[in-house]
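2 protein chains.
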Amino acid sequence: MGRTLTYPKRASNTVNRYKHRATYDLGAIHSIVNDSKVLHVSFNPGPDDPFPTILPMIGQMGSFDYPSATIDEPLECYLHGYVSSRIMNLARNSDEDGEGLPICIATSKVDGIVLSLTPNSHNYNYRSAILHGYAKLVTSEEEKLWAMQLITNSVVSDRWNNSRVPPDRAEMSSTVILKVKIVDGSGKIRDGGVSDQRKDTENGDVTGRIWTGVVPVWETYGEPVASADNKVVQVPEHVTSYIAKKNAENRSYAEAAIHVQLPPEEQH
Amino acid sequence: MGRTLTYPKRASNTVNRYKHRATYDLGAIHSIVNDSKVLHVSFNPGPDDPFPTILPMIGQMGSFDYPSATIDEPLECYLHGYVSSRIMNLARNSDEDGEGLPICIATSKVDGIVLSLTPNSHNYNYRSAILHGYAKLVTSEEEKLWAMQLITNSVVSDRWNNSRVPPDRAEMSSTVILKVKIVDGSGKIRDGGVSDQRKDTENGDVTGRIWTGVVPVWETYGEPVASADNKVVQVPEHVTSYIAKKNAENRSYAEAAIHVQLPPEEQH
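Chains A and B, in that order, are what the protein sequence lines are. Quick note on numbering: UniProt numbering labels position 117 of the first sequence as 117, and the sequence is numbered without any gaps. Quick note on numbering: UniProt numbering labels position 248 of the second sequence as 248, and the sequence is numbered without any gaps.
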């Protein structure tokens, strides 16, 4: 009750611009991550390469050690990958000296396009989050199976129990799960309407010809299309209810975001 | 005619897994980038920080020097930011020794959820792209104005000419544009239906109880909501036509992707 855990602020996760939109709350950041179909994972390929690189991966926050942990408590990030991929080899090697591979995980979701009087005041309504942490391979079979279930159920809720499980030996060994011990994180959330400066809002020539407002944007799940080989006549309830729930949630978030009051700094 | 430019393959942009889905074509990669509302930009904050970090930014591919260049020709990536942000300071400093700040740009779009018999064969239909390159600040006023127009029109087509332009002195100086000279890039595109292994497709107990198919996913633009201060009665044509075009394109891509034939390696 009233306890809000926050990530520590370090130089590399501290949001400098529009501080009022920044959040360090574990719950807010973890929710943005768990709501994302794809995460972008950045790592440095090696000392000879000047460029960090980015891999799209599927992942979820969770706690194997404390399964009752809620979204606003300390969690690890579990990422799904393939045995042969470079990030897995790097994590495997870095594991030997202890800490794991330093990575950054990022995700962003656009909730609306904010069309204002002047290009500079244009904006998006959006939610974004980053996490920094050390990635290691999960070696315990039990934890790996648990993480595979967590990740599969993030694709469609309850899909694990509605598919052919458990994975066989070959499937278990071709799948690698990275467990990321989180060091810090931050999120940014922008909600609200148009914010223009007085020099424009008080200029009748400008306001008389330029339309301002917000176009809500959300991810839509369409009608399921059965595969040619599918033998089950009816689309199962865990699929139809997931689609209905996500469509309602996504749309109502985007539409409600428009009406959130802007912080005082942006009211002109 | 018949000329397809491709990015060079280096260790850090070469796709190891599912090679048949990889593309190095400039046109394909640039299109994925230009179609993205947000790009994730990764960079290393400094020698004392083990973690690369990621910033969500708005950007577009284009050529100021060769304005007639088409999407499949060599282009730079222009990224929009704020004077005070860390990446801008790093790019400003790295500019002095010549090459610019080494960064990675990534974007991914989910087009469908592929629900198959076993968790391991679950997949997404998606398009993703990464670019590696050196980022410098744009110093020419003319190029900066050109890039601001390019980026504003990526938010909504033709928005620049339908807003209060040109930017005034304060607006020009508070905006910083990064120009990224691209060194290499790669893309991955997954289209198609369900791919399961024979051990499952030939098991009547499995196929008799597990539904398989694809749920298409796309980004929807909703009804524009005018701001409280808006004085223009009708939502202008550049906004309504952009929404209609994007909704039709996004939905038809996701639905058509389901019916693309899988490559031979994935047909069982």
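Keep in mind the hints are simulated off the structure, nothing from the lab. Hints are not guaranteed to be accurate.
It does not matter which identical chain is meant; a pair holds if it fits inside one copy or across any two.
[Stated by the list, open to error] Derived pair list, reagent style DSSO-like, types lysine-lysine, alpha-carbon separation capped at 30 Å:
hint, residue 1, residue 2
1, K9, K37
2, K245, K199
3, K199, K181
4, K9, K136
5, K199, K37
6, K231, K199
Because the structure is a prediction, the values reported are computed rather than measured.
Against the structure, the hints:
Both within a single protomer and between protomers do K9 and K37 lie at most 30 Å apart by alpha-carbon distance, with minima of 27 Å and 28 Å respectively. When the C-alpha separation of K245 and K199 is checked against a cutoff of 30 Å, the pair qualifies neither within a copy, at 43 Å, nor between copies, at 33 Å. Neither within a single protomer nor between protomers do K199 and K181 lie at most 30 Å apart by alpha-carbon distance, with minima of 48 Å and 37 Å respectively. Proximity of K9 and K136 under a CA criterion of 30 Å is satisfied in both settings, with 23 Å inside one chain copy and 28 Å between copies.
For the identical chains of this complex, K199 and K37 are inter-copy neighbours only, at 28 Å across copies versus 41 Å inside a copy, given an alpha-carbon limit of 30 Å. Within a single copy, K231 and K199 get their C-alpha atoms only as close as 65 Å, which misses the 30 Å cut-off; across copies the closest is 16 Å, which meets it.
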